[in-house]
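**Q** Residue numbers (the numbering used here), protein chains in the order written: chain A, 1 to 370; chain B, 1001 to 1309; chain C, 2001 to 2439.
Hints are not guaranteed to be accurate.
[As the list claims (entries may be wrong)] Here are some, though not all, of the chain B residues that point toward chain C, as calculated from beta-carbon distances under 10 Å:
#1 L1131
#2 K1178
#3 L1200
#4 W1222
#5 I1275
#6 G1279
#7 P1297
[To be verified] Coverage of chain C stretches by chain A, computed from C-beta distances (three or more under 8 Å per stretch; other residues unrestricted):
#8 2032-2044
#9 2187-2201
#10 2251-2259
Hints were generated in silico from the structure; no laboratory data involved. Source: prediction; values computed, not measured. We put the CB at the ideal spot given by N, CA and C, even for glycine.
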Amino acid sequence: MLYREVGQFKTSYAQDMAIFPIRQDRIALWLTLAIAFIVVPLLDIFQIWPFKGEYLIRAILIPFLILALAAIGLNILTGYCGQLSLGSGAFMAIGAYSAYKFVTGVSIMALHIPPLPVFISIILGGFMAAFVGILFGIPSLRIKGLYLAVATLAAQFFFDWLFIRVKWFTNYTSSGSVAAPDPLIFFGYPVTRPVEKYLVCLIVVTAFALLAKNLVRGNIGRQWQATRDQDIAAELMGIRPLYAKLSAFAVSSFFMGVAGALWAFVYLGAWEPLAFNIDRSFQILFMVIIGGLGSILGSFLGAAFILVLPILLDQVPHALGIPITVETVSLLVFLIVGALICWLLIVEPHGFARLWGTAKEKLRLWPYPY
Amino acid sequence: MVALGQFLEVLLSGLLAGVLYSLVALGFVLIFKASGVFNFAQGAMVLLAGLALVRSLDLMVAKGLPFWAAVIIGLLFAAAIMAAMAFLVERFVLGPLANQDGLTLFMATIGVTFMIEGGAQMLFGSNVYPLRLYPDDAWFMFENIFEGGILLNKLDVWGGVIAGVLVAGLALFFQWTKTGRALRAVADDHTAAQSVGISLNWIWFVVWLVAGLVALVAATVWGTKLGVQFSITFLALKALPVLIIGGFTSVPGAIVGGLIAGAGEKLAEAYLGPIIGGGIEYWFAYVLALIVLLARPQGLFGERIIERI
Amino acid sequence: MKKLTLALAAFAIGATGMVGPAIAQQNEQFVPALVYRTGPYAPNGIPFADGVADYWTLINERDGGINGVKLVMEECETGYATDKGVECYERLKGKGPTGAAYFSPLSTGITFALTEKVPGDKIPLLTMGYGRSESRNGAVFPWNFVAVGSYWTAADVAIQHIAKELGGMDKLKDKKISLVYHDSPYGKEPIPALEARAAKNGFTFKAIPVTHPGVEQKSQWLAIRQDRPDYVLLWGWGVMNSTSIKEAAAVGYPRDKMIGVWWSGAEPDVTPAGDQSTGYKALMLQHGAGKFKVHEDLDKNVVSKGKSVAKDTYAQVLYNRGLINSMIGVEAIRTAQKKYGNKPLTGEQIRWGFENLNLTEARIKELGFEGMLQPMRFSCEDHQGADVARVQQWDGKAWKTISDYYKADLSILDPMVKEQSAKYATEKKITPRDCSKES
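Chain A with its partners taken away, still in its complex shape (with noise of 0.2 Å):
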């Protein structure tokens, strides 16, 4: 009789190294890659159901592919690094206003900067987002969880009023409210439709997905776990905390500030510090809780969640002609979406990534898991 364990082993380093090592997960993985790059474009070229008019991409794929983003920023630093933030709004607005004033032109007493191309305005103003996400993460080196969440409210509030007060960050227009460039030139190439626009979203989420990920399973990775899971021992380990709380904040402030930057030009077209309030940190953070601390894939799985769950719920009423007032359904999308929270959160503490990982572990002994 010859014995063999079913599921997939890994016979080498480099197998043991891969980035999706189960081949299932591999196959997903390239089959959203599929959809997402080539079946959705398609798909809206020859407006084929769902995709007739622009309603889904414009709606709903280019705000969550944004969000998405932004959320895994905040997972880099609250479900890797263990560093609770409620300030992810703050860094969306500094990126989105620093990518503004990059685009038309800054000039700061002697210094004269002509205006820059869209993109590489984008990710300067995440490196602007990260410069200031240093200086706010200073603190988290002394204070720590629930309190040090409240203190980055502190860059919440005055993030939002310093861009609103300060006159120069908008260019002086009369209102305070500030326009993106339109058309959107990206390399030459101006991206005007919607298809176009969700593209480009998604050409710049999967790229910083992948950094991400390759980041948080490289040596800074370990690092921001270590800290998270137990940050005096992982002090005494040889982990400086300094170098890696504050990688982490910067790290996650940049993805936050090229995601608000991507909100603010490709989303909205013109906003106010309104757009980046404490709801919208409070949205993020909900993505990264219920799509699972410490998971890319999570930040997906939440943002969807928190973002799309409530508009089709709104749509449901009126879509199957029930006759009930937009007040109520409102209303009632609020008490929904709550008890899914609740009942998901009993269901699953850890979140979707963690029904995931589930059935990860089984998929690697498929077809037999026990």
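Given chain A's structure and the hints, the job is docking chains B and C onto it.
**A** Positioned in the frame of chain A, the structure of chains B and C alone reads:
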């Protein structure tokens, strides 16, 4: 002399405004102390209590009941609603989530927030409902010393008195009643309390009920100040810096935190605001809290954080 | 748990499916409404949304639609949030046989965001009494209609009323006027107009911001108590208005020296403050509260049939404003039908209707709005149509009109409109239309 009068005026009204925040912060402290849950729903609970009170009150006044009778019945009705809420939250959300980590519980209370906000407005309406329980005109003191006197809003003074009574009442409750002692035992050590026969479920119900009643008291004051409406839920955000300064686990800390945050933000707005552009009090309270935290990471009155590996 | 995920997925797919295919109707004009009936600004959002919906119902019930074209309405809840407003806009813009007729978001933030989107979708944006003041210039903003009045009009009229109370424009000199404003683009809009007036008439102007949502204003009002301005202008929305009035009462600032913008002058703004509001003044977007001839039609055709969505908001200030908002929209569609025929029209055709809308005195009377509105006429250059406003005062129970119509001083405002819209045009690389060539 005028400058001194102005300073005193801003300081006093800041202190009293801070006490009003403390009313909301107290609810956070109670629940955090007893169950380690950071209850994000406290603001929504104030809204629920206020709506239940004002709507039943209006209904009974319209039916011809005298005002004082309507107020008593309204308060009882709102208290009953808060009890029902406490029961449901304990039974269906916190009970099943026992022993989860803090972040999960925090998220669950956000779920509860959504449910309360949706449910309360569905039951009682989403308009603005005026409430008049306390006088809200002003006193002018020391008019002979300072020109124009020092202004004191009666409603704020009432708020201060009520907060004082509330804290004294809570202290008595914790000190002298069996349930109160059980609460303190649970706050010290869940497992030990359970092993001497204290039912955690019962305690959690009680603590949510007490927090609900504190929310009701806050709702009477803030409802008179703003009218009962959805914006009341934003108070939770004004209560957070109060909470940090005082520490999450201290009832007197909530009051002291309120005084510091209130006075600090009002003085900043009055004296720093004109220099750097107004509207700074929202973030200034948080910056103040941040400074306190850098000196004492557990807040002024919080329990010392001891870390073990 | 897998079942759950599957169920959710199936549900999600099902739900999008239901949204997808809209049944094509022939003779129907789709009219969307972005509303907020929940959330912090609901007390002000509800009456407006009620008025908007009731007037459309009236058109359908009384006239069987506009020249036989039925109005099909759909509301979408924005909660005053910009991103939700954009989602609602995307959801509703393509519905009906010809797409959305026009949008009225009733939020400055959503207006700014949609201003960037409507040119691409070719849908007019009717922002009656709010939004970008410079969008009056139709050559640069072809799709925005800041009908009836902009914030700059409001600011100018408020100053004129103060001058009248003081007894002449020259009396403004060396007076102190403070503006308590919602710290957002909405609240900041009037500042340039007030600064221009301050420079011209020689009064001291001071702007005092209040952080959203405005539940805490003690320091602002203590500052006013010390500063003792002669007049306070109030530019608030929602809970901020009633809180301002209360704090004013607390610091003993006379309420009859306060003048609110027309968004601070409705019933939800004064009732929470009870008696303390007595004497408080506010601008009127021409109209006030109360019943007029159009309400008789509403009583007969909508209310008595149980088809009104309004409960206690009927004939309130913001309800009436909703009626007017819908009336202007309906009349624009009617005007456009004269050129393009009595059939469902596209947004582009309706824009022509807006630009050629002429509400004469006779027409306003015919529509039942006599006493609520003055004649107004839109054109390619002028997307505002009117520059007049009145002032009303709360007497403890109701709003009473206390002034005649004032006409905003265009010699101050027109250059500002030109300058700001030109700035927008250069920033966005727009070549302004040549209005003389428009038909």
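**Q** It remains to establish, for every hint, whether it holds in the given structure.
**A** Status of the hints after comparison with the structure:
no.: 1; hint: L1131; in the structure: 8 Å, holds
no.: 2; hint: K1178; in the structure: 39 Å, violated
no.: 3; hint: L1200; in the structure: 27 Å, violated
no.: 4; hint: W1222; in the structure: 8 Å, holds
no.: 5; hint: I1275; in the structure: 13 Å, violated
no.: 6; hint: G1279; in the structure: 4 Å, holds
no.: 7; hint: P1297; in the structure: 28 Å, violated
no.: 8; hint: 2032-2044; in the structure: holds (count 3)
no.: 9; hint: 2187-2201; in the structure: holds (count 4)
no.: 10; hint: 2251-2259; in the structure: violated (count 0)
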